[in-house]
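Asker: Below, each chain spelled out in residue letters.
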Amino acid sequence: MLVTGLPGAPGVAVGPVWRFHVAGAGNAPARVADEADARTVFEPAAREAASQLEALGAGLRGRGAESEAEILEAQALMAGDPALLDEAVRLAAAGSPPLDALRAAAEGFAASLARLDDPLLAARAVDVLDVADRIARVLLGVSIEQPDRPSIAVADDLPPSVTAELPAGSLLGIALEASTPLAHAAILARGLGIPAVVAARGLRAAVDQAEASAVLVDGDRGEVIVAPTDAECADRMDRATAATDRRARGVALRDRPAATADGMRVRLLANIGSPRDIARALAVQPEGVGLLRTEFLFMERSREPTESEQVAAYREILEAFGSERPVVIRLADIGGDKQIPYLDLPAEANPFLGVRAIRLAYRSPDLLVRQLRAISRAAAAAGVTPHVMAPMVATLADVALFESLCATAQDGLAADGLPHAEGFIRGIMVEIPSAALMAPELARRVEFFSIGTNDLTQYVLAADRTNAALAELQDALHPAVLRAVASVVAGARAAGIPVAVCGELAGDPAGALVLVGLGVDELSADPNSLDPLRATLASATSRELEQLADAALQAVDAASARRLAETLLERTVAA
Amino acid sequence: MFVRTAGAQRSKVRVRNLTRGGAEADAKSLLSVLGLGVSCGHRIAIQAEGDDEEATIVSLRAAIESGLGEPLDPARPVEAAE
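Going line by line, the protein sequences match chains D and W.
Reading the first sequence from the start, the letters are residues 1 to 575 in our numbering.
Reading the second sequence from the start, the letters are residues 1 to 82 in our numbering.
In short, the hints are calculated from the structure, not lab data.
One thing to keep in mind: the hints can contain errors.
Unchecked claim - DEER-style ranges, computed between Cβ atoms: (1) G95/D with R4/W: 30 to 36 Å; (2) E65/W with A259/D: 46 to 52 Å; (3) K12/W with L470/D: 51 to 57 Å; (4) P29/D with C40/W: 23 to 29 Å; (5) G41/W with S213/D: 48 to 54 Å; (6) R61/D with S59/W: 20 to 26 Å; (7) S59/W with T40/D: 29 to 35 Å; (8) S213/D with S59/W: 53 to 59 Å; (9) G59/D with T19/W: 50 to 56 Å.
Every residue, glycine too, gets a C-beta built ideally from N, C-alpha and C.
Please model the complete structure; the sequences and the hints are all you need to start from.
Answerer: This is the structure in structure tokens:
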């Protein structure tokens, strides 16, 4: 029986079910006399819990899981937190049994964290409760009952310190009914290399109902199979093995340009979102950056970044990749659902269809002009020609606006006597159906196209990509989307400009095969996807890819197109 | 790191989130500081009181300016791919 959740940590694992619970009952005082008495109860237990957490953190550090260790170290600080202790003492002195007082104090802090509109901080609420439970276990003198053999943890949520406490090798996988990919349970699982699925609603009921002794966790797809058959296990494990194998073969191909089996070149580029991604991207040897998202400079701050602040950020990235590896900088795609406090934009009923990205510049061009000025100055300093890309282009008027923004930026820099690039290499995102339909005309006005398949899919199929109920309409391999891609490629060919794809479909091996078959010249994806792509491309001929693309264009739906692509993918693995 | 630095001082240290507003918090309490909901780009005010108050402010300012020793949380959600 299949239970669908979200990917928490990659990999596939099968094993017996383990449910974590506390062993033994233990004893704690029923009441305390006063505040001083409460302190003598809580303080030693909190100190012990803090030192356990410090030790678990040190253990993770020893295994090279530095950032995961910080989670435990922060929990150690929480265990010794004066505010938590004071509140527990106050409640206990007022008459609550100490364990209830401790729990209530922790729940109060957890609730105020959960109320913050920051998903990262809200996900920390569970850490506080985990700390309180640990202090309670110390008070009671009990501990977690550990699995007696390597198992899959099935739980509502798995507290981070419990995950860290289990001996290495005893946890094969994690399947959680609640939690999120941002929660510390998932971060720890990724750090420890344990496959995990989160937010699998109905999981425990399904396990109970089937009286299942085993479950399969597919952390790549975000699915749990309760009481899997041998055939299901073999299928999922084969896929996981094939994925691992593709990655390994791709790593071996890093030092040569990506190409199909018969030598047709495909440029492989990285998508990055900030200077922090530079090292991760360079490590997989891309031929450049196909998409630098610049929202990192504009989001989560109270005022617009200054021009010189932007120059420094772009320069760092441009210099890291150098003139041999061009970096395509996408202008800020903000507004709509990405609200920016200092822009004071009106809330919109349909943010995905609203005044966002390049459209903002009709009324207030300054933000994008400043961004283009900063890019031009950074490129001059780095000694490269800047590639810039406008998001959300729908019409030829949008291209004219983009041209005028570039000209305003360059003229202004010349007037200010500041060193700047000679000119921009201009491209546009093709992610709106009107742009795909107008591709032949647009192609004569710009120097490259980059197709954003996520938004293009959402607009072609009119399916909000944040709405889980429409998940079936969000597969970019839908023939309607593929036909749009094919017409974009035809328009670009006629004008002699290259076409890249920078949406998620480009990083998906099955999707990449179809895209290259359709004539896409460049694939830009998360650095983590590039090695598998290299191996995927190298194992099929351009003729096979063209045949696949022709068949996929004629498929009746996304699922059939995907089956065609996966058949070729499996054959290339067997080869 | 901020709370650890504050905790190492003798002074009482209070901190407020100017961008978000709201009450001030004990800088030596991680839970109280997290409750301020400070995220990157927010402006905060720090007040120290005690015999090492000046040194306290200097070391907290240095801790913040050094980026608090953190690459931002690796789990910071990445924008959907495009």
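Asker: All hints, please: hold or fail.
Answerer: Now the hints, each set against the structure:
| no. | hint | verdict |
| --- | --- | --- |
| 1 | G95/D with R4/W: 30 to 36 Å | 35 Å, holds |
| 2 | E65/W with A259/D: 46 to 52 Å | 48 Å, holds |
| 3 | K12/W with L470/D: 51 to 57 Å | 53 Å, holds |
| 4 | P29/D with C40/W: 23 to 29 Å | 44 Å, violated |
| 5 | G41/W with S213/D: 48 to 54 Å | 51 Å, holds |
| 6 | R61/D with S59/W: 20 to 26 Å | 24 Å, holds |
| 7 | S59/W with T40/D: 29 to 35 Å | 33 Å, holds |
| 8 | S213/D with S59/W: 53 to 59 Å | 56 Å, holds |
| 9 | G59/D with T19/W: 50 to 56 Å | 37 Å, violated |
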